[in-house]
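K.L.:
Chain by chain, the residues:
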Amino acid sequence: MKKIAKIMAIVLTLALLFTACAPKNPSTGNTGDQSKEVSLRFSWWGGDERHEKTLEVIKLYEELNPGVKITAEYGGWQGHLEKITTQILGNTAADIIQINWNWIAAFSKDGSGFYDLNTLADYIDLGNYEDHLLAQTTVNGKLNGLPVGIAGKVFYYNANTWEKAGVPIPKTFDELFAAAPVFKEKLGKDYYPFDLDQYGAFLMTLYYLEQKTGKPFIGDDNQVAYTAAELEEAYEFYLKMVEAGVTPSIEARAAAGNVPVDQTPGWIQGKYGGTYEWDSAINKFQQSLEGDQKIVTGEFLTGIGSHPSALAKVSMVYGINKNTKYPEEAAKFLNFLVSDPRATEILGTSRGIPANKAAVETLVSKDQLKGLTFEGNTKVNEFIGQGISPYFEADELQQFYRAVIEELGYGKLTAAQAAEKTIKEVNRLLKEKAN
Amino acid sequence: MTKLLKKYEGMLYITPWLIGIIVFTAFPFITSFVLSFTNYNLMSAPKFIGLQNYITMFRSPDFRKAFGVTFRYVAITVPLKLAFALFIAYILNFKIKGVNFFRTAYYLPSILGGSVAISILWRFLFADTGLINIFLGFLGFQSISWLGNPTYAIFTLSLLRVWQFGSPMVIFLAALKNIPESLYEAAKIDGASKVSMFFKITLPLITPVVFFNFIMQLIQAFQEFNAPYIITGGGPLKSTYLLPLMIYDNSFKYFKMGYGSALSWFLFVVIMIFTAITFRSEKYWVHYSDGGDE
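Residue numbers (our numbering), protein chains in the order written: chain G, 1226 to 1660; chain P, 2 to 295.
Just so you know, these hints were derived from the structure itself, not from any lab.
A virtual CB, placed ideally from N, CA and C, is assigned to each residue, including glycine.
Be aware that one or more of the hints could be misleading.
[What the hints assert, rightly or not] Below, a list of computed lysine-lysine pairs in the BS3-like style, where the Cα atoms sit at most 27 Å apart:
#, chain 1, residue 1, chain 2, residue 2
1, P, Lys254, G, Lys1656
2, G, Lys1465, G, Lys1437
3, G, Lys1646, P, Lys66
4, P, Lys66, G, Lys1637
5, G, Lys1658, P, Lys254
6, G, Lys1547, P, Lys48
[Stated by the list, open to error] Under 7 Å between C-beta atoms, here's a sample of chain G residues computed to sit facing chain P:
#, residue
7, Leu1314
8, Glu1458
9, Glu1476
10, Ala1479
11, Ala1480
12, Ala1481
13, Gly1482
14, Asn1483
15, Asp1487
16, Pro1490
17, Glu1618
18, Glu1621
19, Tyr1635
[Stated by the list, open to error] Pair by pair, the computed Cβ-Cβ distance ranges are:
#, chain 1, residue 1, chain 2, residue 2, range
20, P, Val271, G, Gly1516, 50 to 56 Å
21, P, Ala46, G, Asn1606, 30 to 36 Å
22, P, Leu137, G, Glu1298, 29 to 35 Å
23, P, Leu6, G, Glu1288, 52 to 58 Å
24, G, Lys1550, P, Trp164, 48 to 54 Å
25, G, Asp1592, P, Phe226, 46 to 52 Å
Given only the sequences and the hints, what does the whole structure look like? Please build it.
P.N.:
Pasting the structure below:
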């Protein structure tokens, strides 16, 4: 009896081991058979509004297409790239993946990182996209993804705070500067007309420089296009903003810990009068505000130079996993997601203003093209600058931008030193990224 | 058959564990060593580049800063945590009313472990408008920029780990309970004070446990990741940018797996050296009462 028990134990252990090591059987069985259930995974990042609406569309699609099961994988922006990286490399990525535009440059240098959507043109109506947009997601003739939309950085303001201060919302930098002492006097010394975190501050200096010079930050030769003197002037400008109390210092901001702007108490309580934010993300800033505070869309501040300098880029991209088992099914769902009137009506502008023409038509006919995102997007298009290099947002560069602003903000570097360092380091990193 | 089975039966029982350690520990361990001599961006095959990663590493000011910060963090956290754990254990060893309740209460923070949630809580507590500053303001003190000041930020992180002193405390407590009561009685008769009893009797007798706790805490502190990642993001001015954070950024954000591996191996060697030094020093200060040297 004892012996049997022992043998049983061994057999069980072995059985456990083998099942654990065996390759996973596709639970769906025969892939060619249409009557069998198709199971797709769709991953994205975003805020609550986007999550809820996307889940609703998935539910609708499953109702309309019995036999297709879509698993949603979603979360916030922080740490998303790391998650997707591990998944793509470990070959466990979802079938349909929402990616950031610059990830194409990182994951698909030769164009083979994602499924070539040109080969799925029977299922996705590519005619709904402007050619110049598709060109931005095409590598080596392979269409790596569908651009979700164009997003830009916009000046948004907390209307209540400005009202309490009794100052009209500014149209020029001079007016913004003039508001600072009024804020301090009427509302308190921890009130600021505008908030810039490290990255926001860096983008603000670029906004300043593009308006002044008409040049983008990174030129066609993949080098910093500004001279050291120009960068120094922009950094000085930022320091002036801090000194004048227009925006909290980096040290004051860091005191809240490592939190996104929309989650800092200063923003939530309305102590920051405005923020420089992506039009596609502004809704979460509105939602995080306490009480009945309202955000309004501001004008692009002028008074520096004659050139339009709004920063815009392909906001996000939908890609299909190159190893997906069901490319056609994935493409069908993707097409539904980006162009179907029912889906569009649900999604609204939760991912910004769509690039898909059919979706825009739906939104226009349903009178859904309104609100902060749309207003911001319209303003961006009227003031659009030179655009950005695909390497601009690479993580290592972003880390550098933040670091240099921090060193500037804490007084470790002068504006001149920071300018020199920026040119040297950014050029070095750009060269590394391009190889 | 039965004979063969008898012989390897034990092996079979531990196979699940063996496979686990080979797949999840040994394999990555060796792979990372090999990778540390390559340039590997995850997308294309690793390229052998010799010692280049290590050379880049030692030349990098970021690395030197991160190493310095890591060192400072360990130097602050470990002694503070051990001293605190011993202090509380010593108090809890007295026969006071409700001691069991206090033992549980003091152990609670450690159950929460290095979790993400506790780090977020810490971030809120020590934020400029957080509870700690509100409390300080209540007492009439100026509020302190715990996370915004490059000098204080690392202390704030240390404090989180010091606060979680429960597990070394429990071990200390067990050791304290093992000290025979008769020694104290004898000392008391000879007129020894409480302080000299602590330093002459208690401390020498628990040195083996101090030794054990020291090594465990040392290794843990060198590997700290969650707290700086969540609370400060390595800032301000990289004053909390510990080596594990740098390893993570390079490996998973910049796709420099080779460089990340080199950094990991450096960290491993540093921990090894410190552990070895501690072991070497053992004979000078650790007393085993059951050993042959009495």
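K.L.:
Quick check: which numbered hints come out false for this structure?
P.N.:
8, 15, 17, 21, 22
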